[in-house]
Amino acid sequence: MNALLEQFLSESRDFLQGIGEKLMQLESDPESIPFLTELFRFIHTLKGNSGLFDFPEMTRVLHASEDLMDAVRHGRVHYSQTLTDQLLDAMDFVGILMDEIESTGRIGSSHASSSAKLTKSLRDLLAQASAPVDAPASELHGISNIDHPSVDQVLEEFAAVEVTPETGALPSLDAPHAFDLSEEVAMALFSHASQGTPVFWVTYHPEPDCFFKGEDPFYLVRQVPEVLWSDCILQAVPALLIDMDVYSSQLIFQLLTCASQETLDDIFRYVPDQVQRVEIPALTFVVPRGSASDNANDEEFISRTLAMLRDGELERAAHSLHTMLELSASDLWSSSVLRWVLAMIEFAPHNTPAQCALLEALLTHENPDLTLLAHTAPAPVVTALTAELASVEEAITPENVAALDDTSAPTASVAPSNTDALMPCFYTVLHAQKTVLTAPASAWLKGRLKSVASTLIAVHRAMNKLDEIAHIQNALDAALANNAPEPLLTWLEQTLAHQASREEVSDQAKPVSVLSDQVSVEDITPDAPALQHAQVALESSVEPAKSVQRPEESTPHFGRRADDVAVSTSKTLKVDQEKIDRLMNLIGEMVVAKNALPYLANRAETVFGVRDLSREIKAQYAVINRVAEEMQDTIMQVRMMPVSFIFQRFPRMVRDISRKLGKEVELVLEGESTEADKNIIEALSDPLIHIVRNSLDHGLETPQERMAAGKNAAGKLLIRATQESDRVVIEIIDDGRGINPYIIKQKAYEKGLIDESVLERISDEEAVNLVFAAGFSTAEVISDLSGRGVGMDVVRSAVERINGTVGIQSEVGKGTRLFLSLPLSMAVTNVMIIESNQQIFGVSMDMVVETVRVPRAQMSSIKQKQTTVLRGRIVPLLSLNDLLALPFAQQPNEDDEFATLVVRVHGEHVGIIVDDFRETVDIILKPMTGILGGLGGFSGAALLGDGSVLMVLNPRELI
Amino acid sequence: MGIEYKKSLAVLTEFVGVEEAENLLEWLLKNPKGKINLASCVHIHAANLQVLMAVKPTISAWPADENLQHWLSVLKK
Amino acid sequence: MANIMAKTIFLIDDSATMLMSVKSTLEMAGFKVETAEDGVKAMAKLNTGLKPDLIITDINMPNMGGIELIKKVRALPGFRFTPILTLTTESQQGRRDEGKQAGATGWLVKPVGGADLLKVIKQVLPGV
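Chains as they are written, first to last, in my numbering: chain A, 328 to 1286; chain B, 1263 to 1339; chain C, 1019 to 1146.
So here's chain A without its partners, still in its complex pose (with noise of 0.2 Å):
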């Protein structure tokens, strides 16, 4: 998968999750414009970025939820629920969609189906709901309907304009002479438009202002191809030049050309409104011009070639009229007619009225209005830009622009894959330099050979022909030097030949290049605006040394990419989370490492007896300790993870659920932002869920049950997360039933959780908390939601699995608080060590409740079970060793005692029976994997700074 694509994945998934999220608080609010506009921005930028790849599946929906939410935003949509679970669906596919693209990279055929259903339930509801919707359709046919100018208003309005005397009489259909054309140039427009290329006739007419929006109409205007005639025109130059605003344009641009409409409408994309395209009919450059004679005309020869006209006898027709020709003065305006029929006969050959007309003119002595008797020219069409701009516009793919574009893009786009298909470009790109090598030298030289040279490099770059470079750069150097560009053409010639020599052993036709087309060695000289823009940007490309693919990279450019937009661009890094796990990981083996210097010191004084040094290792232990230190808690931090992360996805489930059960929830969620370490956190979010899901189903009632006791019929649930120094608690608390602890301790009697003593000793509290107990499950009615046999004793060993503990106080018809406690961070735990059987453990402090040394004496028997007192409280006792069926019975101190250590194990406080106790330490805890991950009774492994390796123990499972 390639960066960008992974990129837009990762973005897409925020974008989703704050869609999710703007939805439930608009459910709130509707009326909220920021959410609204939020929303909108969201959808509409998630839009955007998939119309980046080919997942029309995807697009499509989220493109008919943009203008849905546009329409809501702009308040022609009503907002409703409907709507909401409209757009959620709309947002779950696409969820669905990246899933499908993250796991196979595109988009299965199935869903073609599914999206055309969604797009379509979400268009209907913008049509039912704004009835008279201004779709862009209508819009724009709104503009191609208003002022739809017909040629006379044009060439009015083209009168309006001042005009120097000089620049002769305006344009008219009636005396195109205006246009100031020559007979030549005349007549091959007469030529291109009678033969199927329009001519336009353009006039551009820039805003005052233009400048200051950074356009350059002049640049703009020069871009049109073909033009074949033009003129600009300085409106109003005021009196004095010192007043001149040289930045408020007084320009006026016409020209005429052979470019397409459609070429025409690009370039003047920006301006439509600016500018005014009329259609010329060809007719309309058939214009006479020469002196007059008073010759009188032969009036035989005219109505003999007049008939042969008639006849479509057009070959005696010619033959007659150039004879009569030769006869005649070329300046005259007769022969000027007389060519003029010529280049009908040859150009528009069935127009045989026209012809005749034309002719007939030489009796009446005037220019004909041949215009009218247009036979196959379509009549003018004047069309105000903006009327085409949007089906231009439309007509805009990527893959049509891509077809069209000009000869840069085989060098941008060259994906280092497939260098091989693109052989032949490469080879037609060098051919067409040594085109420009060997034009006719010029003042342009030296910037020639620079571009060749650059265009070179950048197609070799983007071949992966590095080795060539340099060579490339020596002939260029040489070349300049020399002033003359024999070095660059000699070097272009031998590799030509060696790919001819090549081709030959391949004996394979060459591919026929398009690029071969374009580049027309017309096109090559300097004038042509298109190469020498290509040539530029090759140029240009040549410069920054970074965006160069490297060979030895496979998707080398992304990649690269990929790092310099995150760190240009978000103050967020978001990094893969094996990259901080191997962080993690490196920090706990630096730790541990360093914890070996003291013993080294150690060493260094006793062993080898060199005291400075052992004190040079102390003062460096320090300094290194203390940056490990740091970095320790600074990578801690990185881990660390909001439970916004759980959190966010509670509204919608919450909704959905509620919605489902029929039941009205209000749901609070409070200290969002209470932060965790990342494992902990995602070890939450399972638990959570289901605890939620339980209160949801068990604890809130249904509206009337509410009602009836006297509730709102809205049940509250309040999900709150706060920090406790290094721990965080989260609180679920609902405003419902409650639990009823004699249900409770019936039913863990009846399981046989309980015996009937404890029945009756039972607290209500500690009724409640079986819940917790393995193999209890409250659930009156097997729901769909929770209590598939999956109780709160899942939830109960998820917490404990992360060091956390669990609890729950509830009051019948209340309502129920449930809260977990979890450690800030699991990275580092800390340990006693402990002493048995001449082998140390570890036992995490958050489960020691104190370290006591009970005297044999105070030990009884009760059951066959040790037990003790302490502070009033019944102890049992157990011993290490024969927790870990070790055959030794455990070591008392010279007094007697026994170490014991009271650990809080479900809620209940036991002792077990150690030979000693040692220092707490820090360590980095592993868990076991492999076959000791099977082993029971341990939590993990620690490194210890003198490398030997600490089992910690787990008493909950021990016991």
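Just so you know, these hints were derived from the structure itself, not from any lab. For every residue, glycine included, the Cβ atom is placed at its ideal position computed from N, Cα and C. No false leads were slipped in.
Going by beta-carbon spacing under 10 Å, a handful of chain B positions derived as facing chain A:
1) Gly1279
2) Ala1283
3) Leu1290
4) Leu1291
5) Ile1306
6) His1307
7) Gln1312
8) Val1313
9) Met1315
10) Ala1316
11) Trp1333
12) Leu1334
13) Val1336
Fit chains B and C to the supplied structure of chain A, relying on the hints for placement.
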């Protein structure tokens, strides 16, 4: 790039940007006989074009760039 | 090649995906590219000496959107004539006009294909 003002000659080279227009007008007003050399000019911003059209100075060298020369033929009138 | 002056393009979009996509296209074509995620950050960069040859900005952004940014940029000394393109979607005809009104030179339609992008840039940046 830009305009180099000599004693009585302004040499416009390559791309002459919009910012130059004010100075160009000022120079032309100060040097009514100042000439313009466009030989190695590739493009002038429209603002410069309208300055040249308004002042109509003598062009001592026309651009080698044929397309530009073609468009600037209005200055010959 | 010492004399090659790469043009600098300042790209502003709140979507990292869009930034990455457009930036890489531009860099492949040899432009220097600076980026910012919203109008406020963009103004901060322009106020501290960034002088791009072309600005390409998204319209819909948090904190400060594209239209407001364009107005602010035009008011900055030295940016009267800088070409500015907006990044829009095909449905945003209105926003394009608004952008032009505020002083934008033109617009690009998302998704911006490489060829289209370079073509438009050539149209608005003489000498490219």
